Each structure stands twice: as C-alpha cells, then as structure tokens.
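J.: Read off the chains here:
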Amino acid sequence: MDFIVKESLLFWKIIKFLLPAVPSTIYITLLSFIFALILGLIVALMKLSHVKILQIIARVYVDVLRGVPLLVQIFFIYFGLGKILKLSQFPAGIIAISICYSAYMSEIFRAGILAIPKGQNDASSSLGMTSWQTKWHVILPQSFRIVVPPIFNDFIACLKDSSLVSIIGLRELTRAGREFYSSYFVDFETWFIVGLIYLIMTLVLSKLSRYMEKRLKLP
Amino acid sequence: MIKVLNVFKCHDKIPVLADVSFQIDKGEVVVVMGPSGSGKTTLLRCINGLDTYDKGEIFIEGVLVTKQNINEVRKNIGIVFQEFNLFLHLTVLENIMLSQRIVLKRSFDTARAKSMDLLNKVGLLNKVSSYPSQLSGGQKQRVAIARALAMDPKIMLFDEPTSALDPEMTGEVLEVMKTLAKEGMTMLVASHEMSFVKEVSTKIIFLDHGEIVESDTTEKMFNLPSHERTRKFLNNFITKQVCYTKEYPVEKQK
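Chains L and S are the protein sequences, given in the same order.
Just so we're aligned, residue 21 is where the first sequence starts under the working numbering, counting upward by one.
Just so we're aligned, residue 12 is where the second sequence starts under the working numbering, counting upward by one.
These are computed hints drawn from the structure, not numbers from a lab.
Computed from a predicted model, the values in this text were never measured in an experiment.
Be a bit skeptical, because a hint or two may be false.
[Stated by the list, open to error] Only pairs whose alpha carbons sit at most 25 Å apart, straight line, appear in this in silico DSS-like list of lysine-lysine:
#: 1; chain 1: S; residue 1: K165; chain 2: S; residue 2: K189
#: 2; chain 1: S; residue 1: K209; chain 2: S; residue 2: K132
#: 3; chain 1: S; residue 1: K78; chain 2: L; residue 2: K72
#: 4; chain 1: L; residue 1: K155; chain 2: S; residue 2: K86
#: 5; chain 1: L; residue 1: K138; chain 2: S; residue 2: K86
#: 6; chain 1: L; residue 1: K67; chain 2: S; residue 2: K78
#: 7; chain 1: L; residue 1: K155; chain 2: S; residue 2: K116
#: 8; chain 1: S; residue 1: K165; chain 2: S; residue 2: K78
#: 9; chain 1: L; residue 1: K155; chain 2: S; residue 2: K209
#: 10; chain 1: L; residue 1: K138; chain 2: S; residue 2: K78
#: 11; chain 1: S; residue 1: K193; chain 2: S; residue 2: K132
In isolation and in its complexed conformation, chain S is listed as follows (with noise of 0.2 Å):
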C-alpha cells in the first residue's frame, strides 16, 4: 500500500510536485500519466526515495518514509527505470543474485534458484550468463524486473519501462508487466502504452506541471474524463498509438 499525502517538490523555485495526494491499495494497477515534464518519474523516484521532497508524507506499508529507514523501506519496492541500469560487470544471473545475496544474505543457492525462477518467468533462462551488453533492449528491461522481483517487493514502481525500447520490443515487456499486474501485483506504472493502460490498470492519475488533474478509475477515464486538459492528452495518444500496440509474445523456452 502507498499512501502519498501532500507531496511538494521544487527545482529551483519551480514546482516539480505541488500538492500530490494519493492511495494505492493492496493489488491495484495505478498508471500514472503526463506529458513529459509533468513529474511523473519525480515522482516514482520520490516514493523510493530516490529523490526528496520539501514538504509532505509518503507513506509505505503504513510506514512514514524517512532517511533513517529509507534501506527497511526499500525492500518493499522494486522500481524499474526507463534506462535499465543492470550493473554492467556483473552477467545476467549475477545482476539478479547480487542484493539477494547483500541485503536479504539469502544463501548462494536460494539466490541463485530464486534467480532463475525469476529467469524462467521473464522468459531469459537462456541468457543466464550474458552480459548486459550482449541482450537487447526488451531482455535487459526483463532482466531489470526480474533483479527488482528478486527482492520479493510488494510494490513495484515502472518508471516508463518501455519508452527507451524500440516498439517491437515493447510487447515482450509489457507481457511480462501483465502477468505481473494479474498475479495481484501493487503497481505504479508511469507508462503511455495504451495497450497495457486499457487491459490491466485499475486506476489513471493523470499528471501535469506537477499536479494531479484527475485521477480516476480506468473505464471512467477513458470514456468520460472530466477535464478537457486530460481528455486532449488521451485522444491524442489513443489515436498516435494504435499503430504500434501489437501483441508480441515473451519468447519461449526450449
């Protein structure tokens, strides 16, 4: 559960996040959405602690997010970033293995089986011992969520996971974010990918200049938002990504 209340945040006296206040409750599929520049990644990055804030409370799990228990926190969320950021000197089974076995002190092999369970469901059991640098784009994005589920996380935050990905690439990762999102996942998704918005999320916050314009249930925001500001934004993704929402699907195991 996340619970975020009056969250302010500026840059240089330019308001990031004015007056941001949600919930997300247990199994919810929030997608956050914007144009960029509205905060969205601030933020996911502000309820993990990434960055901070100048005013306001962000709840976790009941618990008040605060610099001394930022590390006790964090073991509750998995986040994955727009730009992956595997750890480059480590191979894909290391990536996932290395805070398990740092953070949680899982044994070598209860790390490892966990590992490649995780492997086996992003559909990567094949590339266990690759380099970040030999995976494509789609892979390494599996290969990220697979290290923040590593940490058995009972919330996972995507900050655009599929922007940086070329769009035949999306599909093999948003596959991977439904099975998530239908296995009772808490999910904040900061994503325009229509496809994944309109299956899965159960709630749209839609972002702007750091404020929230609306936020609502999926269905009501598709089909009566409230706001021209949100109702201008959606069209014009809803038109612009019909093209490239194909379904691809997650690569099988031999």
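The shape of chain L in the complex, shown without the other chains (with noise of 0.2 Å):
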C-alpha cells in the first residue's frame, strides 16, 4: 500500500513537471509542420513544372534532405549554419524539422498530383482555364483528399521526432523528462510518463486523420 502511494505521488510529481513543457513541444510541432506543408507543395509543383532547371533543384532538394539524419540536419543547422548565421535554438530546430519534412511532404504531394486523372486536366483546360487556375480549383483540392491519410501519418512522425531538437538545448517534452530525470534520478517512471504523452498525442491525431479522411470523403 505504502509503495502504491508512493509511486502514485511521484508520478503526480513528474505528470506536473512535464505537462508545462507539452505546449512547447505542439507548438514546435505545429510550426515545423506548417512551414512543411507549404515547401513540400512549393517543392512538388516544382518537380512536376516543365521547366528543366526547377525539376533538377527539387529533385536534389528532395534527395539530399530525405538522405540526410534529421539529427545530423539539427547539428549542421544548429552547430554549422547557426554559428555563421547567428541562428537560436528555436529557429534552428524549426529550420531543421521543417526542411527536413518538406522533402517527405513534396513527395507526398506529387504522389497526390500524379493519381489525379489526366481527363481532369483536359477538361479544365478546355474550358479556358490556365494552368495554374486548374491546379488550384480542380487537382489539388482532389489531391487534397488523397493525400490526408500519409500526411497525417507523416505529422505524427513529426510530432516524435520533434523530440530530437532537445539535443541543441530547446526546452520540450524530452528536454523537460531529462532534466527531471538529472534532478531525481527516477529512470523508469520519467520515461514511461513522457512516452505515455507523446502517446496520447499521437492518439488524438490518428483520431483526427480518421475524422478528416470521413468528412472529405466525396459520395
């Protein structure tokens, strides 16, 4: 009974400690990933553009930041690319997580352009519609709906991996863990109740990537 207290209150004691630093880990998230989402699209239309020398940059864009560790991406934005450019820790780990993504989001995005039958294309240009008002009106929002299910997939990759930045010093989920691991030295409860937040997290999201996948799901 005693030890069932006890692990009760220390778990209350850690659940307290990490739950501040939770915010910070969604909002690390969430940016890196926005900013994700939109190089990857920039980056797909550039792979799918008939000019020669933007397909060539995407395609070495895509190949050197999908060949890369991401940790090696933190180190070398952080260690490399921080020094010169006077970069924080936040910013840097934002740069890293987000260029990182974008060349798994571009490829995501292409897959998504290319299932998109040809006839749709015909059509909308037939009707007068230039390029860029059919990608826009007519193939990505059915791309849209395509590509939902990886994207959500490839968000909560981001979500764990955003535990990474840690290691340059930013202050989130993990970063807190250790730190109240090197005050207390509680091992296996530290570990089990960060692990059991980043669960619920990623929880929540599949149940979004499930709701969003029926509400955009055409009749």
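Make one complex out of these two single chains by using the hints.
T.: Laid out in structure tokens, this is it:
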C-alpha cells in the first residue's frame, strides 16, 4: 500500500513537472509542420513543372534532405549554419524539422497530384482555365483528399521527431523529461510518463486523421 | 467556323494525322467517322489545343490557333469527352459554374442562373446538388455538355460522346445533341451513332489511318460513297447499329 501511494505521488510529481513543456512540443511540431507543408507543396509543383532547372533543384533538394538523418541536419543547422547566421536554438530547430519534413511532404503531394486522372486536366484546360487555375481549382482539391492519410502519418512522425531538438537545448517534452531525471534519478517512471504523453498526443492525431478522412470523403 | 489546313502529326514516326484539311462553316454539323485508331480523337484534340501537331494550321473563327492565344480560342470551343471528365470533387451545379466564375468572371448569380438554364435544357434540374459519382453515364455526359455550353461556345466538339455509355443511355445524350444541332450550333462530332448522323449531320468526313479518305454531304455519303473503304465501313455500321438505335426521350422535369 505504501509503495502504491509513493509511486502515485511520484507519477503526479513527474506529470506536474512535464505538462508545462507539452505546449512547447505542440508549438514546435505545428510550426515546423505548417512550414513543411507549404515548402513541400512548392517543391512538388517545382518537380512537376515543365521547367528543367526547377525540376533539377527540386530533385536535389528532396534527395539530399531525405537522405541525411534529421539529427545530423539539426546539428548542421544549429552548430554549422547557426554559427554563421547567428541562429538561436528555436529557429534552428524549426528550420531543421521543416526542411527535412518538406522533402517527405513534397513526395506525398507529388504522388497525390499524379494520381488525378489526366482527363481532369483536359476538361479544365478545354474550358479556358490556365494551368495555375486548373491546379488550384481542380487538381489540388482532389489531390488533397488523397494525401490526407499519408500527411497525418508524417504529422505523427513529425511530432515524435520534435523530441530530437532537445539535443540542442530547446526545452520541450523530452528535454523536460531529461531535466526531471537528472534532478531525481528516477528513470523508469520519468520515461514512462514522457512516452505516455507522446502516445496520447499521437492517438489524438490518429483520431483526427480518421475524422478528416471521413469528412472529406466524396459520396 | 473551323478551318483545318494541311495538318500533319506523327507519333513515333507513325502518322496519326496526314495532310488533313477541311472547313466547317457556321451552323454546319459535321461528323467524323472512321475505325478506331484512325485519328478522330487526335483531330478533335488538336483543334482545341489539347494535343499538338507537327505541321499545318488550324483557324478558329478566322484566328490562327497558337500556344499564346489558346486560352482565348478555347472560350469559343466547347468539347465533350468520351470519358465525361466531370470534376469529381464538385457538385453538378458547381461543375457548370466553375469555369464561368473563373474564366468569364461572371457573378455568382449570373453563373448560377445560366447553369440552371442549361440543366433545365439537358433535363437534369433535379440533380443540381448531386456529385458526378451519383449519376449514371448518360446523366454525366449531359452535365458535361451543359458545362461546355456554359461558356457560350460558338463551336462544339464531341469526341465519341456515347461510346462509353450503355446502349440504353445513348438516346438521352443524342437527344440533347440533336436539339443543339437544330438550334444551329456549329458542331464537329466523332461518332458512329447512325441515328444522329442520318438525322442531323450535314457533312461526313471519313478518316482512316489519319487521312481523309472521303468527305461529302451526308446524303451523298450514304447513297453513293465513292470509295470502297467508306462503303465497307458504312455498310458494316448500318447493319450493326440498327438493333439499338431506339429513341429514348430526355427525362421530363417535374
């Protein structure tokens, strides 16, 4: 009985310590992911454009950023570029996650755009729409529905990978967990709770993904 | 008015269109016939710039079609595809309104009124808020026709509009096309529907291997086609098609 009470109190203490760090994790994830979405869409459109040079830039961008570990990218941007550009931890972390994930996003968007039958393009061009109007009003709204599940998949991955920025000292959930651990030396309980909080957040995202899919489904 | 002058197109060194020239005047209803692979679709797609051609010139309403003015030219030409190509994420009404709003910059109310008019014309007022996936093939094709008409085109191109339909549904689409022809629309139709060809077409172009084998008024083509190839093709089709050229009236509105 004594043990249970002691453990519960410890858990409560950990949770109280960690919860203030949760908004920071959410903030980092959301901000990075929104940038990644915008960048990813731009890169996807570049890759699908008819301008050779844009295609090449996009291809190199994706290959490089997808081929280097995120952790290495974070180190490179914070310690490497950061020194030159005087980046603090927060922008460095956000930039690293954004560009890394934009590479994945661009491939998702590209697949989503290519999945739309050519006839849709024919129809809208034949009605006098320019290729941008076609993309914006006809192709993208349809691709969007296709890419929702894979995008949420990466959103969840992005949330988990946001823990990597703790390494450059950005204070978020994982960092807070390390702080707690180094003052109280309770490893099992600390990391159990940190994991649990991540799990709850990702489960909420999965639920949201399913809801969006249902909402966007065409009859 | 469409004027096609010596148009050539090759695909992997195989000629798809070879020296195609013809002219369609205002109010004419011209049918392009020919076996599959004869270049009917390519010809229609070249006319409104969905396909490019290697040599030759195409004039629409007296204007030479180029890459630069293609979007302007397209406002004058409507095309109806074999596969409908309705915008799947939009309702029937939105499908017809979209290009009016974006390309012609019509106000919401004007575009809506125009769309309702056209839906009434093709007999689909009761499907305004349905999605394409909820329609039958014949209904989809009628929406596609309305969508093309919404741009007030001077010329309509039809690329085998009934080939993807069940024989039962071709009637309702042909009925709309016939009405359109009788109203004086200039039409270029790739079709083998004998009921349509006989009733409303003024001229037939017979295409084979990308070449115009023969081209004359409908009457002459049916009575005395001068080429053996045309004769064989027409005979084949007339005998085959008689069995399902029943008439189906367009759905009446409640």
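J.: Next, verify each hint and record whether it holds.
T.: Quick rundown of the hints versus the structure:
1. Between K165(S) and K189(S) the alpha-carbon distance is near 16 Å, which keeps this suggested pair within the 25 Å criterion.
2. Between the alpha carbons of K209(S) and K132(S) the distance comes to roughly 23 Å, so the proposed pair stays at or under 25 Å and holds.
3. For the suggested pair K78(S) and K72(L), the alpha carbons sit about 19 Å apart, so the restraint of at most 25 Å is met.
4. Between K155(L) and K86(S) the alpha-carbon distance is near 19 Å, which keeps this suggested pair within the 25 Å criterion.
5. A distance of roughly 20 Å separates the Cα atoms of K138(L) and K86(S); the hinted pair therefore holds under the 25 Å criterion.
6. For the proposed pair K67(L) and K78(S), the alpha carbon gap of about 23 Å is at most 25 Å, so the pair holds.
7. Between K155(L) and K116(S) the alpha-carbon distance is near 18 Å, which keeps this suggested pair within the 25 Å criterion.
8. Annotation: proposed proximity of K165(S) to K78(S) holds, straight-line Cα distance about 20 Å (limit 25 Å).
9. A hinted pair counts as satisfied when its Cα atoms are at most 25 Å apart, and K155(L) with K209(S) does not qualify at roughly 41 Å.
10. The straight-line distance between the Cα atoms of K138(L) and K78(S) is roughly 20 Å, inside the 25 Å bound, and the hint therefore holds.
11. Distance restraint check for K193(S) and K132(S): the Cα-Cα separation of roughly 14 Å lies within the 25 Å cut-off, and the hinted pair is therefore satisfied.
When held up to the earlier numbered hints, the structure conflicts with hint 9 and nothing else.
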